[in-house]
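K.L.:
When you get a sec, could you build the whole thing from the sequences and use the hints?
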Amino acid sequence: MPADTPADIPAATSPRRPGGASPGAPVSSTANAPAAPAPSTHPSLATALALADDLLLDGAAHAGPVLAAALRRTAKSLTAASLHWPAAVAAELSDQLAAHTERDAAHDPLRHAALLAELHARHRAAGRTPGVLGEREVAETPLRRVRLTALGCRLSGTPEHPVTQTFFAHAEAGVVVVLHKTWQPSDRPWGSRRVLGTTLASLAASSVVSETARRTASRALTLTRGRLAVTTVTPLGPTAWSELPSTLLVRDLAAHAAEWDGRPPRLVRPRVEAETVRVVEVSEVTGIGYDPAAQRLEATVLDAAGNTALLSAPHEPMAPAAL
9 MPADTPADIP AATSPRRPGG ASPGAPVSST ANAPAAPAPS THPSLATALA LADDLLLDGA
69 AHAGPVLAAA LRRTAKSLTA ASLHWPAAVA AELSDQLAAH TERDAAHDPL RHAALLAELH
129 ARHRAAGRTP GVLGEREVAE TPLRRVRLTA LGCRLSGTPE HPVTQTFFAH AEAGVVVVLH
189 KTWQPSDRPW GSRRVLGTTL ASLAASSVVS ETARRTASRA LTLTRGRLAV TTVTPLGPTA
249 WSELPSTLLV RDLAAHAAEW DGRPPRLVRP RVEAETVRVV EVSEVTGIGY DPAAQRLEAT
309 VLDAAGNTAL LSAPHEPMAP AAL
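Under my numbering, the sequence shown has 239 at position 231, and the numbering climbs by one with no breaks.
Heads up, none of these hints are tricks.
Under the rule of at most 20 Å between Cα atoms (straight-line distance), these lysine to any residue pairs were calculated in the SDA-like manner: (1) K189 with E283; (2) K189 with H169; (3) K189 with H178; (4) K189 with A282; (5) K189 with L204; (6) K84 with H50; (7) K84 with V146; (8) K189 with V285; (9) K189 with A228; (10) K84 with T149; (11) K189 with R222; (12) K189 with V280; (13) K189 with G205; (14) K189 with T230; (15) K84 with E100; (16) K189 with E148.
Note that these hints are calculated values from the structure, not bench results.
P.N.:
In structure tokens form, the structure reads like this:
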């Protein structure tokens, strides 16, 4: 499947404090502060940019709880202003700071750096690329009597904070939505854990019809069950995936990859979940093997158009039985 690469991330120039300027270099008259944003910048976005610059200059190791709290407040202000994508960046930066403070494995230095770059990239592209701030998106959309087709489940997070993501195809809209759930640490098998009145294993291979589903701007899904509003979960039929629309079912990987070549850089694309998740129709498995050193299962397959693809699945400590 097409994947984001480091080439998607534009080079970012780091702001400098006046004390660190090289001889003869122009020095800002405002000490310890980044350059002022353009006059047209929304105040909440300007605040987020300033906080990001402070974080870049000081480093996560020197950022205290005040900065993390300021990022959380700014994220809420950005959401209220319908600037959904910068809001999501600010919220994720706050989470990264919290993870660093708690010495949690969820902190990822590369992800942290990418978020700082993304915030500035979206600001700079806002005047030339409509929608780059998510201002055209509806914060939450109710999905009345919606039918969803499960595409599987992914386990992520850390042993202390495990998270499951169950993927569903919303065929009518031609998109994939994601149901997140955070769990308490437990030795209980993942497939037997209960959600929406059924097991997680059953939900990940089911057809869901709900009157209470809601979808956020980022395509995160909320499902509830109640006496007045019904959510039913039934096993998938044998043709459920083959009946998906062409936006979700890939039969020609070469054509799909060519179509994706024209996408904007990842840092300014819509910030939606499961952006790359698709169902691929496989006509033949031509080879399969396991690399014990890398703990990786690999298989060579042909799609319906005869294109060759390599499937690679590394061992995941959070889900040791996945292979």
